[in-house]
Amino acid sequence: MRRWVAGCLVWMASALAAGPVTVWTPFEGAELEWLRAQAARFEAATGTPVEVVAMPLEEIRPRFILEAPRGRAADLVVPVPHGWVGEMAAAGVLEPVEGFVTEAYLADLVPVALEAFRYGGAGFGFPVSAEAVALIYNKRWVPEPPASWEAFLGLARRLTTGETFGFLYDLGDPYLGYGWFRAYGAFVFGRRADGSWDPAVLGLGGEAGYRAARFIQALRYGYGLVPAGVDDGVVDGAFREGAVAMTLNGPWAVEGYREAGLAFGVAPMPAPPGGRAWGPFVEVQGIVLNAYSRHKIAAVNFAKMLVRPDAQVGLSRVGGRIPVSRGALAALEDDPVVRGFAAVIALGEPVPNIPEIGRVWGPWREALRRVLERPDADVERIMDRMVEEIRRGLQGE
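Those letters in the sequence shown? Residues -17 to -1, 1 to 380, by mature numbering (1 follows the signal peptide of the UniProt record, and there is no 0).
Check each hint, because a few of them may be wrong.
[Claimed, not checked] In silico lysine to aspartate or glutamate, EDC-like type, Cα no more than 20 Å apart, as pairs:
1. K122 / E50
2. K122 / E146
3. K122 / D219
Honestly, the hints are just simulated from the structure, not real lab data.
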């Protein structure tokens, strides 16, 4: 670790009198102040000024793609969701980062973070944090997380009464429910030999997809756990009020639960009956470098400063983000929320970072809606139609 930091400082020294570096960021509040403080530290250490420009997240991607070739975009974006990488790399506005990193840096990252920022066989970012849904349980009702499906189901049924719900989440949300699909062997896109996503190979249908959809249907009609009319807002409000014992949610919900005064824990969901280990979608946030930047070395040096283990610890403490540095996670081992989400993230896989994923969500959500309409819904027919609709969408029909 010391050798890595020393190497980083040597590289930083080479950036003296370089720049200035411009950063676009969606950060707000304490996270924005943290970033500005890091920029001030960097300037003090290297003499290179860093201009931090805050803007709404939804404006950054289209503006960056448009303005980078004209020389009017930031040198860095801190951070972007990894799902943007495919579109931005295909547009030619991102610089691959392999030439700027060391083996020690790569070894410090959890594997899913590295995987998330790869596109076309190259790495296009410096990962800084990750998020995924996990089993979040109210310790008033569930002192320890269930270790098996049988234990989970027993608790959930016992705690489903006229006043409480043992387990509740929006069954129609495919992002939240992907862990069930994966546990039964389903997947969104296949992989090519180089590890890149292959949208021509769809894996949400067939027997694996049928089993996952039937299981989700059973959470309502078979096990009697999740009634109709439940969406994210209903679940979040009920959990904050203490009326839900267990739910599926991510780090973004933690602040609200703390404000509600809840004692809660975070753990992996047990594998469903007859399925493999449950593992959710993972979203990774990272720093990307403008391919047209005139200050690449200085920009990379600042990016490296922001992803050091100690920096990820600091960002986690001000913003509740889950680090992707092994060193940072070790430093935060005493934080049960970070530890719980880190364990779940290690089980998951990144959401595909290619633009084609946008053709999947609508048909997938609609299929789940139809599956959940009635206990006798024709699951196989619904899922087959979903796959065909996705395929047509990918072919531009």
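Tested hints:
With a C-alpha separation of about 50 Å, the suggested pair K122 and E50 falls outside the 20 Å cut-off, and the hint is violated. Between K122 and E146 the alpha-carbon distance is near 17 Å, which keeps this suggested pair within the 20 Å criterion. With a C-alpha separation of about 16 Å, the suggested pairing of K122 with D219 holds against the 20 Å cut-off.
Hint 1 alone, counting from the list given before, is not met by this structure.
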